[in-house]
Amino acid sequence: DAGITQSPRHKVTETGTPVTLRCHQTENHRYMYWYRQDPGHGLRLIHYSYGVKDTDKGEVSDGYSVSRSKTEDFLLTLESATSSQTSVYFCAISESGGDQYFGPGTRLTVT
Amino acid sequence: ELKVEQNPLFLSMQEGKNYTIYCNYSTTSDRLYWYRQDPGKSLESLFVLLSNGAVKQEGRLMASLDTKARLSTLHITAAVHDLSATYFCAVDIYSGNTPLVFGKGTRLSVIA
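Which chain is which? The protein sequence lines are A and B, in order.
Residue numbers for the first sequence follow this note's numbering, so the first one is 1 and each next one is one higher.
Residue numbers for the second sequence follow this note's numbering, so the first one is 1001 and each next one is one higher.
Just so you know, the hints here were simulated from the structure itself, not pulled from any lab data.
Errors might be hidden in some of the hints.
[As the list claims (entries may be wrong)] A short, non-exhaustive set of chain B residues, derived as facing chain A with CB atoms under 8 Å:
(1) F1010
(2) T1028
(3) R1031
(4) Y1033
(5) L1043
(6) L1046
Given the structure is predicted, the values throughout are model-derived calculations rather than measurements.
We treat Cβ as the ideally placed atom computed from N, Cα and C, and that holds for glycine.
All chains, full assembly: derive it from the sequences and hints.
Structure (structure tokens):
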């Protein structure tokens, strides 16, 4: 299995607080992705990275920011969490931009 | 804009039966991926299809790709309960850094 971890795995936070989720890989893959998964919506891409300090927006980027200062880490920040951001967040990595390997997910609840 | 449509979105089938899940996409591509997600778990890669006519099989699952029809199929043979999961297809238009586009997933339930 690809070496990819996410932290925290579960988090409950209050509306209006900032939250940072971390994705860490040991595979030295170039591409990293953040998705959210909600019932009825499948997987939706939030942001992705194609190299250190190279990131781009996905389908549902509003309210989220990302940073990638090292190859192995990709951080997702909810600047001011809202209840609509309650979701399961998956990180994924890819060596060449094709097949992706997914992390275990983070379940985030915003109350 | 690439659109990926899966059907059906929900499928309940009896053990021992055969069925096919369809993945249609709107833009030319010859790279398509299938993933499986068990309830409460992450996604895992099932099949990688990288050319027209590609066929991959593992156990009771077989995936194929017809790039001219912009269609991939995931065929289930003699379903068993362990195949109950959500199956996603994802298409790669391979234009620089463009990410995969996922279908909404097909939730498969195999019942006795």
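Evaluated hints:
The interface hint given for B/F1010 is violated, since its Cβ lies 11 Å from the closest Cβ of chain A, which is over the 8 Å cut-off. Using the Cβ-Cβ criterion of 8 Å, the hint placing B/T1028 at the interface with chain A is not satisfied: the shortest such distance is roughly 16 Å. Against a cut-off of 8 Å between C-beta atoms, the interface hint on B/R1031 holds, since the closest Cβ of chain A lies about 6 Å away. Annotation: interface hint on B/Y1033 holds; nearest CB of chain A at approximately 6 Å, less than 8 Å.
Using the Cβ-Cβ criterion of 8 Å, the hint placing B/L1043 at the interface with chain A is satisfied: the shortest such distance is roughly 4 Å. Contact between B/L1046 and chain A, as hinted, is not supported at the beta carbon level, the nearest pair being about 10 Å apart and thus beyond 8 Å.
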